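Trainee: Use the sequences and the hints to build the structure in full.
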Amino acid sequence: MTQPSSQSPLPKKTGAKRPQWWAFAQDCIARLRATETNIVDLERCAAAGNALMAYDGGDSPKPPARRAASGMQSAAVTMGRVSSASHLPPEEWHAIAADGGDPFATAANGTTRAAIPLPLRDVILVARLAATFQNAEGWEACLQPGALTVVVGLEPTLSLGKLLTGDMLPNGWSTQSRAPRSAPHPVLQLPDRPVMEKELERLLHHPAPILLPVGRQEHLPASFGTGETRARVLVLEKVNADILLFALGVSHSATGRIDEESVRAMLPDDESLASLEAGHLAMACRAPAAQGVAKRISLMTKAAPPGVVARERSGPAIIDGATPAHEAVRNIVADLAAWQAGELDWSEMSRSLLIHGAPGTGKTYLARQLAEAAGIALVEGSFADWQARGYLGHMLAAMIKCFDEAAVKAPCVLFVDEIDAVGSSFGGDQRGMSYRVQVVNGFLQQIDRLVRTPGVILIGACNQISRLDPAITRPGRFDQTVRMPLPLIADISRILGKVLADKLSESEIDTLARAAVGKTPAELDAALRAATAVVIRPAAPATSGSISPTRNCSAVSPSTKPVTRLQPNCWCRDLS
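Going letter by letter, the sequence shown gives residues 29 to 604 in this note's numbering.
Be a bit skeptical, because a hint or two may be false.
[To be verified] Taking lysine-lysine pairs in the DSS-like style, the calculated list, with each CA pair at most 25 angstroms apart, reads:
1) 190 to 429
2) 190 to 266
3) 226 to 429
4) 45 to 323
5) 266 to 429
6) 266 to 437
7) 45 to 266
Rather than coming from a laboratory, the hints here were simulated on the basis of the structure.
Please read these numbers as outputs of a predicted model, since none were measured by experiment.
Mentor: So this is what it looks like as structure tokens:
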């Protein structure tokens with residue numbers, strides 16, 4: 029922060045060296061500001077009951093927005109480009125600095141913010157796009173007929189099209205997810221959701237330029253890896269110090285300027301800034317001044333003490349089941365340790381497992397044990413949860429987001445539950461056939477992605493494997509397919525022993541285990557918790573004489589001698 033001293037420096041030439049994209053970004057922001065000003069004017073007219081705008085109709089779908097004319101910028105933009113200008117008297121400059129303010133960002137009337145604030149998310153995205161294309165010429169190259177430009181790291185959304193139309197595209201242009209056969213004005217084809225191969229083919233058949241947002245490198249179609257498509261593949265510039273300084277000059281200044289020298293000194297390195305989540309950045313930017321934003325970001329990105337982030341590897345010993353599923357998981361844990369030690373290539377190890385079995389048999393618990401044993405993160409997803417998002421596009425977006433999270437957190441375990449919820453593309457019900465086909469194809473594409481993502485172990489689970497689409501169970505999708513059976517007596521004894529070893533003898537536990545044959549681990553867990561709740565309930569102290577195999581455990585007789593050791597009859601009743 030600027031030192032509160034009477035000798036606080038007057039403005040220095042902080043903008044002498046700007047990135048190449050800076051001027052292009054300022055032009056885009058000038059248009060964004062004109063658009064926001066136009067919206068505010070319309071809202072004021074509506075509030076006053078006046079006509080929104082004198083508009084005589086015509087071919088334009090909406091009244092023309094008030095955009096900055098070519099070659100003319102707002103006063104804030106002009107001020108920002110003349111960074112050595114001293115717009116305040118020296119005594120006022122020093123007074124603001126002494127109070128902890130930013131004289132660079134303070135206008136002559138004392139305000140520190142623009143009269144009409146711009147959406148911070150849009151400002152940052154505009155700066156990142158400008159840095160990606162570098163200048164107006166780089167941006168115009170993607171608007172040529174037949175141009176195909178891919179931007180990796182840019183998420184397809186409806187708001188992206190509105191932003192580009194208002195702030196970056198030439199006048200008269202619009203964005204559409206797919207251009208019509210004949211359009212009265214130039215169109216940039218911009219999908220507003222992830223596109224499948226067939227949809228991409230339809231876009232390519234139209235000569236209108238295509239801007240294809242792709243969330244991650246793995247989402248690129250395989251054909252884009254060759255020179256045959258002549259696709260221009262760019263990577264969206266990550267947030268760095270220059271981009272953040274530019275954004276703060278727009279959002280936290282009434283002049284288009286901030287004390288860049290002090291703010292830059294507070295910011296962490298570019299790698300830390302790039303790893304900052306959007307929500308955390310938004311929280312930091314709620315600080316009133318740019319220096320405060322930098323201070324918050326610095327605190328957010330400080331390295332955690334050793335051992336806090338690192339996970340403890342417990343090893344395969346904690347996976348003590350005797351089923352083929354347990355054995356497969358133990359082998360994966362051992363292979364993963366060998367891969368991390370450099371003793372095994374990723375392509376040589378088992379990387380995926382499909383577990384099927386009745387509800388409550390412990391499929392989810394086994395996936396969590398795998399992550400704990402390997403000392404890696406666990407990412408969980410469910411077809412039922414994804415489908416609850418509603419429309420097909422939203423469902424696929426939720427699925428892709430889950431796989432993206434796993435790729436970012438690698439090494440990790442990705443557990444996908446209820447795979448059988450989508451059914452099969454060969455099912456008898458024809459009404460939802462198209463939906464199921466697209467969901468299954470989307471899921472298969474994500475599985476294929478993980479093959480190219482070292483460090484992600486895929487565990488799938490379902491209740492009825494017969495309901496799965498054959499393409500999912502085909503060799504090459506999941507390395508192994510195993511059944512999770514109901515636990516045997518030995519497994520039940522082990523489960524009960526973990527809870528009751530200090531309460532019952534081995535023979536009593538064995539008696540309970542025999543009575544519980546046919547129960548799932550989930551049922552065993554529920555029975556144990558229910559019985560424990562009964563015997564420890566203060567309002568009804570149980571006694572050894574009041575618990576009998578012929579009565580429910582909740583039926584107890586009053587006695588003055590409370591039980592000190594649980595009786596097997598009570599547990600047996602709950603397990604029956």
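Trainee: Look at each hint and say if it fits the structure.
Mentor: Hints, one by one, checked against the model:
Annotation: proposed proximity of residue 190 to residue 429 holds, straight-line Cα distance about 23 angstroms (limit 25 angstroms). For the given pair, residue 190 sits about 21 angstroms from residue 266 by alpha-carbon distance, which is consistent with the 25 angstroms threshold. In summary, the hint linking residue 226 to residue 429 is supported, as the alpha carbons are separated by about 21 angstroms, within the 25 angstroms threshold. Restraint check: the Cα-Cα separation between residue 45 and residue 323 comes to about 24 angstroms, which is no more than 25 angstroms; the hinted pair holds.
With a C-alpha separation of about 19 angstroms, the suggested pairing of residue 266 with residue 429 holds against the 25 angstroms cut-off. For the proposed pair residue 266 and residue 437, the alpha carbon gap of about 18 angstroms is at most 25 angstroms, so the pair holds. Between residue 45 and residue 266 the alpha-carbon distance is near 20 angstroms, which keeps this suggested pair within the 25 angstroms criterion.
Violated hints for the displayed structure: none, as all numbered hints are satisfied.
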